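In order, the protein sequences belong to chains F and E. Counting in the numbering used here, the first sequence runs from 795 upward without gaps. Counting in the numbering used here, the second sequence runs from 125 upward without gaps.
If you're looking for bench data, these hints aren't it; they were derived computationally from the structure. All of these numbers come straight from a predicted model, not from anything done at the bench. Careful, some of the hints might be misleading.
Pair ranges (Cβ atoms, derived) [said to hold, decoys possible]: (1) Thr565/E / Lys907/F: 43 to 51 Å; (2) Ile407/E / Asn950/F: 42 to 50 Å; (3) Gln954/F / Leu484/E: 50 to 58 Å.
We treat Cβ as the ideally placed atom computed from N, Cα and C, and that holds for glycine.
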Amino acid sequence: MKKIEMEYLELKKMLAKMSQLSTSMIEDSIVSLVDRDSTLAEEVIKRDDEVDAYDTQIDEFCLKALALYEPKAVDLRFITTALRIIVDLERIGDHCVEISKEVIKLNQVPPIKPYIDLPKMADSASSMVKNSVTAYFNKDVKLAFSVIKKDDYIDNLHSQILRELITYLAEDIRKTKGAISLMFITRSLERIADHATNIAELVYFMVTGKIIKHTFFDDNDIEELLGESDE
Amino acid sequence: MQTFVKFFLLITLPIFITLIFSFFFIQKTVSGEARNQLLQDTKQKWTIASEDFIDVNERDTAIYEKYSNISEETSLRFTLIDKSGRVLIDSDVGYSEIQHLDNHANRPEIKAAYAKGEGSSIRYSKTVNEKLFYFAKTLPNGNVLRLAYPLFYLTEIENSINLQMSIVFAVLTITIGIIAALLARKFSLPIQKLNYIADNIEDGKTNIHFPRFRDAHMAKIASLIYKIYNAMLQKQNTIKNEQEKLKLIFTVMDEGIILTDLDNNIIHVNDSFLELFDVNLKIGDNLHKALNDAELINFFDDIMQKDNIKRTQIPFREKVFEVYLNTLDSQKLVIIHDITGRIKYELFKAELTGNISHELKTPISMIMNYAETLISNDSLDTKTRKKFLQTIYSSSNRLNELINDIVELHKLESVGDDFEVDESVNLVQMKEDLETLYSATKGISVNFQVDDLNVNIFNEHLYSIITNLVDNAVKYSDGDKIDVFLKKSGDYLVVTVDDEGPRIPEADRDRIFERFYTCSKSRNKQYSGTGLGLSIVKHIASLYEGVVKLKTNSYGGNSFQVYLKGKV
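The shape of chain F in the complex, shown without the other chains (with noise of 0.2 Å):
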């Protein structure tokens, strides 16, 4: 095998660790809110420096393989949205800190209701950044737009949970701290998907070179440019 395909490997295989180190961090925060783990969330904390470490790891390498081997075309777009698609699970790793500060004080509150929609909402999150990834190792744009299609039902539930944290907020005022908090952790998942989204948008970017960033679809645009992308 040629020295440049065995960096890819290396590259691929970083890139996959670090991937998986953020879902875990999403899961793992959220399995640390439902069993009001503060020891589990305290870990998750520590983890994110792991993220960071691969993340400057990754960056340094691409810039070198960028540097060594002047990749064209595919290789190329391959190294820049890997360079990306760090950043994008760098601010994951960052919010499922922000999600694990907040089950913290929460953990000091009474519970304030059952966690029913925010495992879902954690468990599509988590799924989509997985997606993502797999879609860009895979080159696979259906898959890349079923995580942007996703994206859609987050913020539905997004809205939901808030609407109902606020029903609970006009309830009960002694439940504010919590509200909030749960309001907080709410929007750091929606921010997590659209982290998810955007390492779509780069994988569609990276297989036909044409950027899809800040336009919006309806299905009949995804169907269209699905159609391109297979001819």
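Start from chain F and add chain E according to the hints.
Same frame as chain F, now just chain E:
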């Protein structure tokens, strides 16, 4: 064909070259000899003729006449030239024309005669329009007498030699050609045959026809090749069979097996591996390049980084894998075994052992404690004594019940599927027995509805199913009514026991048929059971090719349905 041509040329070419050279040589020699003879002959004639010309210094008609006649008869030509090159007499030219002939002093033979005394040359004469042989020699008075003789004599000799030689040459060529062709055929045929064999072997054909060889050496070589070739074919077959055997073994094995080189390029992978991880890998792929799922990449990266893994349990997603890795010279062998089931079973077993010992120990420790108190304490009053003895008795009863249940379960397990029921049970009869049994139950009414049927099921088996289910319902139900139905549905007899709740929690529904499993972990013996009842029911049902279903009924309670098939 190529070999044939080669051999043919190899034989004929040198022979032809030698032949051609020798023919040229012979021709040269013969024609040189002829020319020499001609010269000698001419010299003699010159000597004879010179007598007449010795004293001629001017043109002389008499001599001219004489030689002109001779010339006509013999085609010899006589020319007399004086010292200055002027022609005095020429036998071939009219006498009057002689004085008009140009000066001959420059002719090569005359020049040579002036210089050396004699000379000869062959040249074309314009005077007589023929190619002539000239011989000139000086006479004592300084004049030159030249004799010329037409060359056709020489040409004739040469032609006749050439003709004969051509005939010989042609005959030789044909003979040599035939002989060479035969020889070449003889040599090239075995080589062509060998070549044919070699070509076929190279093409990998399996059924090669081996041609016969007349030549003993060639036959030996061919038979050797034949032997080696057959041995090779056998070896190939053996290797192929071995490979297929290995492949078959790999395919049949439950363990996922993957063999890679040190750069993680796949050398072999079996189907179980692909099924275990639901991936599509081909031989020759790079493992990390072909995998596109972050978790899978990480899982295998962690494994492949190591040189040696000895049966290590690695959890992945919801499963647990036992991984074995060994690095050979330039290959890595990874064997992955899904032990999720085993781990679950081990957990179950540990729980089971805990439950059994608990169930056995509780009554025994009760008996021991009370008995100890009774022995060591004589001062107890009769009432307490009786209470203690009562407890000891009920605990022994419980122990007895438990052991009976275990024995029954064991009996059921050892029955196997092959047994015959020779006596049939009448359901109405059974209903009467059961009604008598449960008539004394307080606070709860047990109602039976049965079809009037005879079924081929052992009496005690059916009895055991119903009593176990009804006892459970009596123990755990809050309601005051239990309905029991014995109905026929298709081939099956369906035993249904309905209570009025509370419902068994969803999470416990799968596990209540396990031995010693009870819903409440607290083991509050308010409702004491051995924990074996449902296990027995399930076992009996399986003996009659049936199943046990747990549903929710219209009262919001539990409805156990046991399907049984009568044995013939």
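Going down the list of hints, with the structure as the test:
no.	hint	in the structure
1	Thr565/E / Lys907/F: 43 to 51 Å	holds (45 Å)
2	Ile407/E / Asn950/F: 42 to 50 Å	holds (47 Å)
3	Gln954/F / Leu484/E: 50 to 58 Å	holds (54 Å)
No hint from the list above goes unmet by this structure.
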